[in-house]
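2 protein chains.
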Amino acid sequence: MDSRQHILNKSEELKEDFLPHLSADPVIFGFDRNELKVLLLKMNYRQQWLLPGGYVGKDEDLDEAVIRILKERAGITNIYLEEFGVFGKKNRSEFYFEDFDHTLFHKQRFVTIGYYALCNPSRFKLIADAYSETCEWICLSRLPEIELAMDHREIIEKALLTLREKISHKPIGYNLLPEKFTLPELQKLYEVILGKELNRGNFYRKIMNLGILKKLDEQRKGGAHKAPDLYSFNKRKYTKALEGGLNTW
Amino acid sequence: MDSRQHILNKSEELKEDFLPHLSADPVIFGFDRNELKVLLLKMNYRQQWLLPGGYVGKDEDLDEAVIRILKERAGITNIYLEEFGVFGKKNRSEFYFEDFDHTLFHKQRFVTIGYYALCNPSRFKLIADAYSETCEWICLSRLPEIELAMDHREIIEKALLTLREKISHKPIGYNLLPEKFTLPELQKLYEVILGKELNRGNFYRKIMNLGILKKLDEQRKGGAHKAPDLYSFNKRKYTKALEGGLNTW
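Protein chains in written order, with this note's numbering: chain A, 130 to 378; chain B, 130 to 378.
A few of these clues could be false.
If several chains are the same, the list does not tell them apart, and a pair holds so long as it fits within one copy or across any two.
Subject to a maximum C-alpha distance of 25 Å in a straight line, what follows is the list of computed PhoX-like cross-link-like pairs (lysine-lysine) [said to hold, decoys possible]:
#: 1; residue 1: K200; residue 2: K218
#: 2; residue 1: K344; residue 2: K171
#: 3; residue 1: K366; residue 2: K325
#: 4; residue 1: K171; residue 2: K335
#: 5; residue 1: K287; residue 2: K325
#: 6; residue 1: K344; residue 2: K309
#: 7; residue 1: K369; residue 2: K325
#: 8; residue 1: K200; residue 2: K219
#: 9; residue 1: K200; residue 2: K139
#: 10; residue 1: K366; residue 2: K236
#: 11; residue 1: K299; residue 2: K139
#: 12; residue 1: K200; residue 2: K254
#: 13; residue 1: K219; residue 2: K254
#: 14; residue 1: K369; residue 2: K343
#: 15; residue 1: K299; residue 2: K287
#: 16; residue 1: K335; residue 2: K299
#: 17; residue 1: K218; residue 2: K350
#: 18; residue 1: K344; residue 2: K144
#: 19; residue 1: K254; residue 2: K171
#: 20; residue 1: K236; residue 2: K144
#: 21; residue 1: K364; residue 2: K325
#: 22; residue 1: K144; residue 2: K218
#: 23; residue 1: K369; residue 2: K144
Hint data in this document are derived by calculation from the structure and do not stem from the laboratory.
Take these sequences, add in the hints, and give me the full structure.
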């Protein structure tokens, strides 16, 4: 069955079970080998890249919907998603399906709810759905070269801004770094998310001031240089900072 | 015309012009005479208090919709609104209109988009719409005693949490305080939003560290105590902190 026919067949089913006009788009960032990546699908139809988004069931809470969508479209489960923005321009999605007629479910106006998460990609085995040729972690540095459908580039940019703002007042790194890590490794994580180099002295001073790190009595052995100290997170203080924010009154 | 009949008459019009299943609810906080208030309507039907929410036009961007809704329902214009959360539980709103049948536009399932703003109430002359008996600024301290419709209490609480989180990393006070103010006045604003008393010494040290205040060569005269120094915001640094956040890497 060709990709056009697959979409047509799905349309009637979707009308039965899903709310019109409302969709959800998860932006899943992965930190892997010192690079920040985003999870994208390449749809058979049109061969453009898209976020693994979908629709909201008539009998389903919105929060349940986005979890189901991510599982169905990419095989991803057990991930904490946070809403970060709503994309409601009136013409944001209709043009994508312009070679179908107006009765197609997919072609109506959709207001989409953006959710984001930051994870370690090694946790997941990706499985693309029947709409898609492939499902992959794409480096942010490659985004300018690829074709993204609808307003999905704007949605990814807003998610990235939210992530950047978040690390200014919430700790980050737990579940992304190995249990024991060096300060240069933690600095690299911040640099990759912020998209800029940080001054080493300033970074060390600020990160130590947060009180979320525990210096271990061990060094990372085997490098050419002086063995750097290893650290781990002080789980209690890290959790407290997650709940309360780093810079509260 | 009674309130029930008014809702019935509106229903058919609404079906023509508005998207199903999608609404917007503005949570407008006002800081006035050392109290934090929220803008609520009391609907004729059922006599419960509600946020001044409404629906999204078929041919209207979501951002345009929320501005129009606030103007139509409360007479408020020229206010900067920020999206803070989406409320999408499947049964969140249907019960409110339980004594109507299922063909009523208002009675369908709505996923609502929450927007918030913080303003000086003296800027506005409130005008209630035809659905509502009154439109008022209600003190947060009075909320526990009043009857709020649907999940509007939860929506207000989430907006307040967002506001509290925001003042931990963005400056606040411009447009809410007079041009020249004392440090105790600024501290009161923070205390009212945070809902707790702050230690005076800590507050002064932290707020001065932000570098957003300019000490004036004037004192507030007329009190029984030593005349306190007056301050104003350094507009350039305030704006920079608004854009970048107070505690960036």
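Any hints this thing doesn't respect? Which numbers, in order? 2, 4, 10, 11, 13, 17, 18, 21 and 23
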